[in-house]
Amino acid sequence: MIRLLIISFIVFITTSFDIEESVWIIQTGQIHFRSEAPLEVIEATSKELKGVIDTKNRTFAFTIDVKSFNGFNNLLQQTHFYENYMESVEHQQASFTGKIIEKTVLSKDGVYTLRAKGKLKIHGVEQERIIKSQVAIKDGTLQLRAFFTIFLVEHDISIPKIVHQKIAEEIQVRVEAALEKNR
Amino acid sequence: MSIRPIILSLIIGCLALLSNAQSPFFKMHQIGETYRNAKIELIFEAQNSLLWIGTSEGLFSYDGLEFVPFLKSDSTSNHVRSVFQNEKGVLWVGYHDGTVWYLEKQQLNKWEPEEGTPSVPIMGFAEDHNGNFWLASYGEGIYYKSENHLYNINTDDGLLGDDIYVMKTDKLGRIWVGTDGGISICEIRNKEKIINNLTRDDGLPDEIVREILEDDDGDFWIGTYDKGVCFYDFEKEKFEYPLSNWDNGIVSKLEIFKDRELWIGTEGNGVWLLSLLDGTLQKLSNQNQLSGSKIHDLHKDIEGNIWVISNLHGICHANRQFEFIPITTGADFENIQSILADRENKVWVGTEKGLFTHELDELGNSFFTQHLKNQSLNVISLYEDNFENIWIGTFGDGVYIFNKRTLKIRRLTEKDGLSNGSILSMNGVNDKIWLATLGGVTELQLNGDPLENGSLSTRNLNQEDGLGTNFIYKVFVDSKARVWFATDGKGISVLENGSIKNFQKAAHYHEDEPGSEEVLLKAVYSITEDQQGHIWLSTAKEGIFEFDGKEFKHLTVKEGIRDLAITSLITDKKGNILIVHPTGLDILKPETRHLIYYDKAVGIEDIDPNLNAVCKDRNDNIWIGCKNGIIKYLPLNESLEIHPRTRLSNVSIFLEPIDFHSDTTFLYDQNNLVFDYLGLWYTDPSTVKYRYQLVGYDRDWIFSKDRKVTYSNLDPGTYSFNVASTENDAWLDEPIISYSFEVLPPLWQRWWFILLVLLSAGGIFYWYQKARDKRIQRVNLLEKEKAESNLAALKAQINPHFLFNSFNTLVTVIDEDPKTAVQYVEKMSDFYRTMLEYRDKDVIPLAEELALVKNYTYLLERRFGENFKVNLNMSVEQIYLAPLTLQILLENAVKHNIISKTKPLTVNIYMNGDDYLVIENNLQLKIRPEKSTQFGLQSLIKRYELLTGKKMKIEETEDTFRVEIPVVK
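Taken in order, these protein sequences are the chains called A and B. Each residue of the first sequence is one higher than the last, beginning at 1 in the numbering used here. Each residue of the second sequence is one higher than the last, beginning at 1001 in the numbering used here.
Extracted from the complex, chain B is given alone in its bound form (with noise of 0.2 Å):
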């Protein structure tokens, strides 16, 4: 009835509950201070279940602890009134304002055809079968993208109405929806809209369509204005009307559980339940405020919760699997002993005060009526038998059977046969019933109804017929119709075939280690039977075992059981099993040991249950009796999820977030990584623990409750961050989310960069050695031939032609003119003694060779006068030549070439370009040449080449020989 504020400040959101009579346990969340005014209209959860949140201020996402703001880039209003998620997982916003936004890398994006958005607000989104983008306008009718453009379908192309409430895709792939007007169907075939509208005339109960739902069937639920809510099929294409009278008012949103409940959101009138069991209508309890308000939106989320917007109490949830009946006010009587649903599925409760009966009223509070009021009965135990009689175990009183219709009693007492007055536990099958009590057990044969004259037989079985003591806690009769007896002490018994087994030795053996150990069972409380027929006990402080018929498996707190004051155990039509103690509640599935923790979370707080108050109704709800109240469990049809749904929500390298689903390779400073990653757990958040593992450093898992770790320094290596988390304390079989990713060396210590300075090393001095190589080849090439060519020219001047006509001229000039012939004779000392002080060198600057030239021709012009000349037609120079070059080629000039008075020798020296001397002479070659080798030339040549890698070029015409040397800078 009042709003409890609870002391659990959250890091935005905080939370608040609603304390209420027989409903699901809701809890507040609110959005906190800077959002205090936001109007919440609704929510929506994602393909990875994150949940959004739409509101007056804008949207928000929420994953049960903070709310983070999602606003518009621009100025305009931030009213959201539409989320949708498409196939390909692209969020997408409709605003008030007519805008339709897309959320992109954690940012809205302004959707921007060409054709314009709507001006009126954006009521909601769908995709079609064909992948056409719709949305709903209120004003403007529908939208539909296709291929190229953005088209309208409104009232002009016979909609029934521009006012468009809901839209839903239905398993046709077509497109409904609500209007003011009654429902459009709408598809797109061939361009070519189809529009098919459904009104009061086809069976619409009435023509404001407010609200469609689709079931796991896809047929629809249909909520409207007037009239409540109707049922389309869709295999009879037919409206069936599963309520018949309405009066509720308008009806603004529909949430189902399957094949269990319709949740009916009014405008202004709360929330109502639809059952799909019984039909009946139920006000979600009066005594919740949510009762007078203005439902905004509902949602069933998968781990089971009902999420519900209200203008009054905006974003609340509750768990649907759990509802909470208090003793209420006025009932005399606490600490429920006995709990009992009958074949009507009225619930019977037994207490210390006596025997009541579990009763709603019209609007869905619970009040109970005492029965037998007369007897003072102090019940702990409860049976119905065949005959619909109710069976009533009291403390040291014996048996009442009663009929609730007939209103016959009978009592049976020690007197009668029991074995004992005070009777714990009683079970049966057919017409045979057992009885636990403190004195053994009493089994019963029924020969027809007790209280109409039938007959009855006893039987009574004790420690001496085998069973472990006479002190029974519970009878248990398995689908195999064996009895199991809960004894005090002494293990556990079976009565099969007539004949008793006791059990009390149980074999330890550890899943990881070898061998087994025994422990031994003593006092045994509880028994219960699991799909695969194995039998499950509690004892009273040993935990719980699973006997499969040959072996015991011990499940204690290291299995992640919490409580070891365990009080029942009880199946549930799934085959998992609750376990009762006073903690709270865990959902065992027997096959994977997973275990679910449900407690205050889910209204589950103070129990304080009684042993083996547990019963299972017709609808297959498991009623839990406790201290102040009944736990009503339902199990959902919905396949739920068991854990919570691990994220890596973002990975930061020096603070700065990357986007690690494509980034996975870093450079060796980028080292400094922080992951940031939360388990969505709405039914509890503050309840999820992680363990996270960076393999590659960590050597195990590290267990926390942070939803944040840095790690700072990584060496270069390949790396994995797994982190998974739990509800609970038992890892079993957490799904672990991993993100691999490597820091790379520095680029010194990669190996292809190792590889390729080793290899440009030995590249380059191999390139080094050619050259030297070469170099030194070339060198002593280079001696060779200047050795070759000084020893050509100093054979040619040794040459006795030469000495015996440079002597005969010497000779004549003696005696004409003594003066020239002194000069002479000095031209030619000097002329030798030149040519052995160059004959060493490998190049002598061009200057000192036109010297000595000038010495050579001094002395060819005394002895061939007139008849030859040497043209020296050119400026010095700054050029080398190998030494001797234009000697011998003018000793080659004179040496086969005739020199007469008529045939005078001309000999031609002169620059061509730059980079060539040219040494020319017209051509008279001696009719009997003289013996040559060619050694002077061919030494030539090739010192030409070593000295400037050019050749010497050799032109012989008719009448010319020519030599082009190039001459070296």
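Next comes chain A alone, as it looks inside the complex (with noise of 0.2 Å):
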């Protein structure tokens, strides 16, 4: 319920003209993650970091393109990232949405420790995580930083016992975005 209120929200905020002061819209972001296995260290970066976050009602919403990730060791890696893992053709879009735990006013320039509760979503499945990140606001300009793990079990992304030794079950990700208020 909860999630269709935000998505909705989303709707809303993007495609009215009306957009209030309290929303921030991410101008630059990127997601990178890192695969720390035994074997192998794969890394990749997307900046196709696309989201809002209302400092009012304390919700956000944060999506990404799967397919928008570069940077892995080989183009067959990439392929099997896809179409292996992530099964991006059906699930194309990973996102996070949800609420800031913290009540407190971001009004002011200063840097914020903020968590967020929400759903995060995978493969397309969604698991219910806390993220902590930190948050910067200076001169107009909120900077945003986040780390958190990923559980590949938790969203039913099943790796072959034998690519164990190449691929963590834990993946690492850094999150960093740019937000302003649009005006």
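If you're looking for bench data, these hints aren't it; they were derived computationally from the structure. Careful, some of the hints might be misleading.
[Stated by the list, open to error] As a list, the in silico BS3-like pairs of lysine-lysine whose alpha-carbon atoms are at most 30 Å apart:
id: 1; chain 1: A; residue 1: Lys161; chain 2: B; residue 2: Lys1191
id: 2; chain 1: B; residue 1: Lys1408; chain 2: B; residue 2: Lys1353
id: 3; chain 1: B; residue 1: Lys1110; chain 2: A; residue 2: Lys119
[Unchecked claim] With beta-carbon atoms standing in for the labels, derived distance ranges:
id: 4; chain 1: B; residue 1: Asp1156; chain 2: A; residue 2: Asn74; range: 29 to 35 Å
id: 5; chain 1: B; residue 1: Ile1702; chain 2: A; residue 2: Glu169; range: 56 to 62 Å
id: 6; chain 1: A; residue 1: Glu128; chain 2: B; residue 2: Asp1216; range: 36 to 42 Å
id: 7; chain 1: B; residue 1: Asp1180; chain 2: A; residue 2: Asn73; range: 21 to 27 Å
id: 8; chain 1: B; residue 1: Gly1292; chain 2: A; residue 2: Arg174; range: 55 to 61 Å
id: 9; chain 1: B; residue 1: Lys1171; chain 2: A; residue 2: Ser68; range: 48 to 54 Å
id: 10; chain 1: B; residue 1: Gln1106; chain 2: A; residue 2: Arg174; range: 54 to 60 Å
The C-beta atom is built at its ideal place from N, Cα and C for all residues, glycine as well.
Put the complex together from the two separate chains, hints included.
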């Protein structure tokens, strides 16, 4: 229900001309992930993170196109990532939507630690997560940084046992984004 | 009413006392100067029964004597809001700033889940049936850690509020949280959050739930903001409301004494006690300063102490088993001579000034009401008969029978058949009553209520009937309806089946000595019966005797009875015997003989009790009349700890603490050990005594009040450090804490080292011997081979052929060239001389061998002319050969080959690499070979093998013969 509300809210804010003062929209955003397995380290980055934060309602929504990740060790790996693991044809988007736990008012410049509680959807599987992030507001820009871990099994991403040596079961994710109020 | 500071300055903490009317005797504990401003907010007893105190300035451990601070390692606030110990024993601490720390190796470590920790106060922790770890926050709802992540449950998930006051796990393993909107019951099933809410609609009296307390059955007591306390019965799944009216404000904390009373702590209105026996609510003494305070925490410990944390008094504790009711000002009496609790639990007090009853006002304050004021009674004994009449035994005025309802009175004196007018003790069963007087015993038979025209008959028993004396202190009717009389000077008499038997002699059996010793029972003061049916008596001077019907067992100072001026014995409902004496109270467990002493630490001081002024009420409380008031003893239903909990708190080696849970072996020079130990006894920490023994060093127990002992210079060996503690002086069944360790001998004294040294010495010797043998053998062989080789060479040279040929050559030369002939003879003589010279040597330099060969070659060349040629193709190397090597080989070549003009023999001598000297000739064997023993060649092969360890290589092809000699360097 909450998710539905948030989605309709996103639809609302992206279609509406009358955008509220408290809504921050991602200008540049990137997600980087790192899989550190005994035999191989895989890293990839996408710069196509999209999202909004409404500091008034303390809600947020982030999405990313799974196919936008680059920087794999080789092309075959990238293809595997898209086709075998993420099944990006069916599950094109990964998303995280929810609400900020802290009741901090983000009106002033400053550095804040905020925890976002929401639904993390990857590979079509939703999991409730709390993600801790560092937020710095300065001169009308909101810089966001967060680190978290994705456990593949939680999102039904199964990797063959043989590949365990090459793909970690826990993926380290780093998010960096700059948001601005859309006027 | 006032705070009396007592001069008892302990290491850090110090104590003060709160005096009050009918309430347990509270003792205050202060954290000490450094943390004077710390606001104390909570108390937590860990599994090892060490207390933890949470304050605004940090966490402290408290053993009853010393507060030890445990502070965060960073600079954030140390304001503790919650403490919890999980199943594994890890202590968790929640702070006001939302951080969570846990204790590991005596240090606080920050808990840092990836999800971060709350930014609001941590109000509590819990563990559910799946092993998930929960925390409650004030502002963000609750969190739970399940497998990989930390999850949150708040109002968005259906929680009734985000401000959590209390969190408890119920007996089904679900998590209950008290919020501003009611109770939410949470659990995680298949990773799904399941939340059930209890609100006013479900019967909760108030939606703001401040406290949840689990009782012994696992049911919950719930403290609310406005409506007091309610009870949730899990079986009925229903709320119950034991309090009809509550206007004492916010309930902040609850604690329970099983089936006795619920302690209700309020915010600003002190503590209230809800009796679970009769449902009455009473304030914990209005005269006590806890009354206006805000109660932060309540805790019942394992010894039966109640700890109260309040804003006004910080930490204070009292032993719940004892209350002291002073004779209030205004009551015109002192010195209670007799006491009785009637069927309605009203307590009657007999004094020199008359008869009184103990009453309580609405605020829980005691006062006394006088009865039969007009009679000016000196009451020395009291009894209640089956008709609820109170029998009042006086000194000299006989007995008054009084009914408090009808107010009817009847007096019995000697005229009515009493043996004497002074009645020291009364007791009865059914409608028989025995009066112990100064003139013997009067047995009364009631026929109907004596105040309602019932008749009574009397029978007097005295010395002539078998009674020890006519002066009886106490009548006691046991469970088998036998009547026991405590006589003055003549032991104990018993009336059984109509006849009296007297016991004066007690065989005193010592447990540890064979045989018995007779003790005369003289004046017996008091009698009681234990749960086994044994009769216990106290005497004027000889202590206590246990009588099992056959023999007496004697308990005295040696057994731990600390005061022989015993005034009363009485058995509590658990079967323990209370021994009352002027010093205080000893509680004896008859089966184990274990004693616990209670005195001023629980408020029993200067009591000066009177003979047999004790009684038991219908709630099994025991009332003890004293000079200045009444001690009320409440046997608790909890199974209480009777020993101090002894723990080894630290072991140091040369003052350096070690991890003694795992380290048990030390090097020979780690032999200076310090043991710190402690017996936790919160009731009265200052009384704890210790005994310890280092088995392997001390021959016996060492008794001490110290909490530390040093052993230095321990010899290598195995040791066990044993320590036990007691709060009394009788060392009987105190549990012993033991720590075994070993001081290893130095390396050079250990058996394996010695063995190793012996073995290697033996090995070296053996090897040396072996090598020596081998060397000697080789030298011998060499000698033999040398001799053989020399022999071969000599033989060859003295060979007649050689000489014949040489002389033939010489003959031809003499004619042609006499000069050369001379030279020839000289060379020949040189050759023989050098050969003789070298034959005893093992090796000779190559140069010398070559000189020899040159001489020899000269002789051969003279003989064969152009047909024999030796090519020496080498520089003279720093190498050695066995003497005559080349000579023998040349000799062989000449011996076996045709040497003619058409078939000349050429011998080449050269080095092959650095290690081999090669001598090679073309092979043109004589058709009729000369007889050969192969002696020379074989001998050479062996000699070289002995000299160099290498084999001489001999190669024979169709046209060459080649020998490679391994040279000696």
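Hint-by-hint comparison with the structure:
1. Note on Lys161 of chain A and Lys1191 of chain B: the hinted pairing holds, with a Cα-Cα distance of about 25 Å set against a maximum of 30 Å.
2. For a cut-off of 30 Å, the pair hint linking Lys1408 of chain B to Lys1353 of chain B stands: about 20 Å separates their Cα positions.
3. For a cut-off of 30 Å, the pair hint linking Lys1110 of chain B to Lys119 of chain A stands: about 27 Å separates their Cα positions.
4. At roughly 44 Å, the beta-carbon separation of Asp1156 of chain B and Asn74 of chain A lies outside the given 29 to 35 Å, and the hint is violated.
5. Checked against the hint of 56 to 62 Å, the C-beta distance between Ile1702 of chain B and Glu169 of chain A comes to roughly 59 Å, which is consistent with it.
6. In this structure the supplied range 36 to 42 Å holds for Glu128 of chain A paired with Asp1216 of chain B, their Cβ-Cβ distance being about 37 Å.
7. The hint said 21 to 27 Å for the Cβ distance between Asp1180 of chain B and Asn73 of chain A, and at roughly 55 Å that hint is violated.
8. Judged by the Cβ atoms, the range 55 to 61 Å given for Gly1292 of chain B and Arg174 of chain A holds: they are separated by roughly 57 Å.
9. Take Lys1171 of chain B and Ser68 of chain A: their Cβ atoms lie about 52 Å apart, and the range 48 to 54 Å holds.
10. For the pair Gln1106 of chain B and Arg174 of chain A, the beta carbons lie near 37 Å from each other, so the given range of 54 to 60 Å is not met.
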